[in-house]
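Every number in the numbering used here is 15 more than the matching position in the sequence shown, counting from 1.
What the hints contain is simulated information worked out from the structure, not anything from laboratory work.
Be careful, since some hints might not be right.
Keeping only pairs whose Cα atoms sit at most 25 Å apart, straight-line, the calculated BS3-like set for lysine-lysine is [said to hold, decoys possible]: (1) K56 / K45; (2) K45 / K26; (3) K46 / K56; (4) K56 / K26.
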Amino acid sequence: MVDGDTIRIGKVSLRLAGIDAPELEHPWGKKAKWELVSLCKGQIITAEIEPELSYDRLVATCFLPDGRDLSAEMVRMGMALDWPKFSGGKYKHLEPEGVRKKHWKAAARQRGHMQVFHK
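Turn these sequences into a full structure, and let the hints guide you.
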């Protein structure tokens with residue numbers, strides 16, 4: 016695994032279609048990567064390659080042996096967000112309530128745009 020929305024099979028990097036996960040240096044980035052690792056570890060992954068590239072990576076819808084869509088699983092767990100520009104909203108209904116706000120707040124805190132005060 017490269018990060019929370021990119022897997023490597025041999026020397027080939029595959030960007031999971033239709034989702035966006037935090038980059039490794041962002042809050043939740045490492046957790047997203049390790050959740051993807053735990054889903055895929057020891058599994059044979061089937062990839063349906065899409066016609067477009069994303070930053071020189073192939074884009075693919077990837078499936079676990081039991082037929083579960085990796086993109087859907089990452090969204091369902093709150094580790095990635097639906098990317099409607101590329102998914103057509105396919106995964107939006109799987110996003111846990113409040114997950115977009117959680118990711119936005121974590122990113123804002125990291126950039127120093129937001130302070131959280133506790134009593």
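Exercise for the section: Could you grab the alpha-carbon distance between K46 and K56 and see if it respects the 25 Å cut-off? Expected result: Distance ~15 Å between K46 and K56 Cα, so the pair holds.
Practice task
With a cut-off of 25 Å on the C-alpha distance, tell me whether K56 and K26 pass.
Solution key: Satisfied, since the Cα-Cα distance of roughly 17 Å is no more than 25 Å.
Handout entry: Given pair status - K26, K45, alpha carbons within 25 Å
Key = Since the Cα atoms of K45 and K26 sit roughly 21 Å apart, the hinted pair holds (cutoff 25 Å).
Problem - Pairwise hint evaluation, K45 against K56, where the allowed Cα distance is 25 Å at most - result: This hinted pair holds, its Cα atoms lying about 16 Å apart.
Of the hints listed earlier, there is not a single one the structure fails to meet.
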